[in-house]
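Throughout, this note's numbering is defined as the position within the sequence shown, counted from one, plus 296.
Keep in mind the hints are simulated off the structure, nothing from the lab.
Be aware that a few hints might be false.
Unchecked claim - No farther apart than 20 Å at their CA atoms in a straight line, the calculated lysine to aspartate or glutamate pairs in the EDC-like style are these:
no.: 1; residue 1: 362; residue 2: 351
no.: 2; residue 1: 401; residue 2: 391
no.: 3; residue 1: 567; residue 2: 607
no.: 4; residue 1: 610; residue 2: 478
no.: 5; residue 1: 401; residue 2: 365
no.: 6; residue 1: 589; residue 2: 496
no.: 7; residue 1: 411; residue 2: 371
no.: 8; residue 1: 398; residue 2: 365
no.: 9; residue 1: 606; residue 2: 478
no.: 10; residue 1: 405; residue 2: 371
no.: 11; residue 1: 492; residue 2: 508
no.: 12; residue 1: 412; residue 2: 371
no.: 13; residue 1: 603; residue 2: 391
no.: 14; residue 1: 409; residue 2: 365
no.: 15; residue 1: 603; residue 2: 566
no.: 16; residue 1: 517; residue 2: 478
Unchecked claim - DEER-style ranges, computed between Cβ atoms:
no.: 17; residue 1: 402; residue 2: 593; range: 37 to 45 Å
no.: 18; residue 1: 491; residue 2: 591; range: 15 to 23 Å
no.: 19; residue 1: 492; residue 2: 599; range: 23 to 31 Å
Just so you know, these numbers come straight off a predicted model, no measurement behind them.
Backbone N, C-alpha and C define an ideal beta-carbon position, used for all residues, glycine too.
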Amino acid sequence: MPQKTPSSPKVAIIGAGAVGSTAAYATTIKNVASEVILIDINDSKEEGEVMDIADGLCFVETGCIKGADFKDARDADVIVITAGVPQKEGETRLDLVNKNIKITKSIFKSIGKLKKDTIVIMVANPVDILTRIVQQITKLPKGQVFGSGTSLDTARLRTELGHELKVSPQNIDGYVIGEHGDTEFVCWSNAYVGSKPLMDVIESMTELKLSDLEEIHNDVKNAAYEIIKRKNATYYGIGMTLVSITSAIINNDNRIVPISVYNNGIYDIEKDLYIGLPAVLNSNGVHHVVKIKLNEKENEQLLHSAKVLKDILKQMKF
Numbered sequence: 297m298p299q300k301t302p303s304s305p306k307v308a309i310i311g312a313g314a315v316g317s318t319a320a321y322a323t324t325i326k327n328v329a330s331e332v333i334l335i336d337i338n339d340s341k342e343e344g345e346v347m348d349i350a351d352g353l354c355f356v357e358t359g360c361i362k363g364a365d366f367k368d369a370r371d372a373d374v375i376v377i378t379a380g381v382p383q384k385e386g387e388t389r390l391d392l393v394n395k396n397i398k399i400t401k402s403i404f405k406s407i408g409k410l411k412k413d414t415i416v417i418m419v420a421n422p423v424d425i426l427t428r429i430v431q432q433i434t435k436l437p438k439g440q441v442f443g444s445g446t447s448l449d450t451a452r453l454r455t456e457l458g459h460e461l462k463v464s465p466q467n468i469d470g471y472v473i474g475e476h477g478d479t480e481f482v483c484w485s486n487a488y489v490g491s492k493p494l495m496d497v498i499e500s501m502t503e504l505k506l507s508d509l510e511e512i513h514n515d516v517k518n519a520a521y522e523i524i525k526r527k528n529a530t531y532y533g534i535g536m537t538l539v540s541i542t543s544a545i546i547n548n549d550n551r552i553v554p555i556s557v558y559n560n561g562i563y564d565i566e567k568d569l570y571i572g573l574p575a576v577l578n579s580n581g582v583h584h585v586v587k588i589k590l591n592e593k594e595n596e597q598l599l600h601s602a603k604v605l606k607d608i609l610k611q612m613k614f
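Kindly generate the complete structure, drawing on both the sequences and the hints.
Set out below in C-alpha cells:
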C-alpha cells in the first residue's frame with residue numbers, strides 16, 4: 297500500500313479532561329501537526345484548555361490549536377479518543393466497559409462519516425476492548441484503528457530499568473505486552489540493554505538480581521495506582537506517549553511500538569482480538585505486527601491475557 301504523507305496534518309483529540317488536554321499540549325509543543333483540535337461536550341472546559349495552550353503558540357511551529365465540534369474531526373488525519381469514565385471503587389471492569397461503549401458510540405455518531413484514510417487511536421479504558429468496538433463502529437481497516445495498549449507500561453518499564461542499571465531509558469529495549477491491565481506481563485526473554493541481553497547484564501551485576509525482576513514488573517503494573525493515590529489521576533506520561541505515537545504516524549517513522557493491535561493470527565491466540573503487541577507504525581497506521589519469540593512461560597501469560605479479554609467480550613453489551 298502506498299504511504300500517505302499529509303502536507304498539513306490535522307490531529308483531533310476527543311476529550312478535554314486531564315489526559316486529552318495534556319495530549320493536546322504535548323502535541324502542540326512537539327510541533328507534530330499543523331492543526332490540533334480539542335473536542336469535548338463541556339464547551340467551557342474545552343475553551344479554557346485551548347486558550348491556555350494557545351498562549352504559547354508564539355514559541356512553537358504548530359499552526360494552531362482550537363476548540364471544535366465533533367463533526368470537525370471528520371477530515372482529521374489522526375483522531376485520539378481519550379473521552380470516557382474512569383473505573384470507580386467497587387465497580388467491575390465489565391461495568392466500566394459497558395459505560396464507555398455508550399460514550400464511544402455517541403462520539404462517533406456525533407462525528408459522522410470519517411475520511412477513508414483516517415487513523416483512530418483509542419486511549420479510554422478498558423482500551424483493548426474499546427479499540428475492537430471502535431473498529432466495528434467505524435468499519436475502518438483494522439490497521440487504521442488501534443489503542444495505546446501497553447505503550448505507557450513499556451515506557452515505565454524502560455524508565456525503571458534505566459534507573460536500576462544507571463543507563464538512559466532510551467538504551468533499554470524491552471516490552472510489556474498483553475492486556476493493558478492486571479494480566480499484562482514483561483517479555484524478559486527479549487529485553488536488551490544496548491545490544492546486550494538484559495539477563496547477561498544482570499549476571500555481571502551485584503546491584504540488580506534476577507529475583508528483583510518480579511518486583512520491577514509489579515512496580516510497572518501498579519504505577520498508575522500509586523500515582524492516582526498521590527495526585528488522583530495520571531496524565532503526563534500518557535500525554536507524552538500519545539504524542540510519540542502520533543508523530544510516528546505523521547512522520548512515517550516505521551517505528552516499533554507496543555500498542556493494542558489486531559492480532560490476525562500472528563501470535564497463537566484468538567484472531568478476533570485486540571491486545572498489546574509490538575507493531576510497526578507508519579503513515580498508514582499499523583504496517584505489521586512484530587512477532588517476537590516468547591519462552592514457554594511468556595506464551596502461557598499471553599494466552600491467559602487473551603482469555604481474560606475474550607471472556608469480557610463474551611459478556612459485554614454491544
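Here is how each hint holds up against the structure:
| no. | hint | in the structure |
| --- | --- | --- |
| 1 | 362 with 351 | holds (11 Å) |
| 2 | 401 with 391 | holds (16 Å) |
| 3 | 567 with 607 | holds (14 Å) |
| 4 | 610 with 478 | holds (19 Å) |
| 5 | 401 with 365 | holds (16 Å) |
| 6 | 589 with 496 | holds (18 Å) |
| 7 | 411 with 371 | holds (6 Å) |
| 8 | 398 with 365 | holds (19 Å) |
| 9 | 606 with 478 | holds (15 Å) |
| 10 | 405 with 371 | holds (15 Å) |
| 11 | 492 with 508 | holds (19 Å) |
| 12 | 412 with 371 | holds (9 Å) |
| 13 | 603 with 391 | holds (18 Å) |
| 14 | 409 with 365 | holds (14 Å) |
| 15 | 603 with 566 | holds (8 Å) |
| 16 | 517 with 478 | holds (7 Å) |
| 17 | 402 with 593: 37 to 45 Å | holds (41 Å) |
| 18 | 491 with 591: 15 to 23 Å | holds (20 Å) |
| 19 | 492 with 599: 23 to 31 Å | holds (29 Å) |
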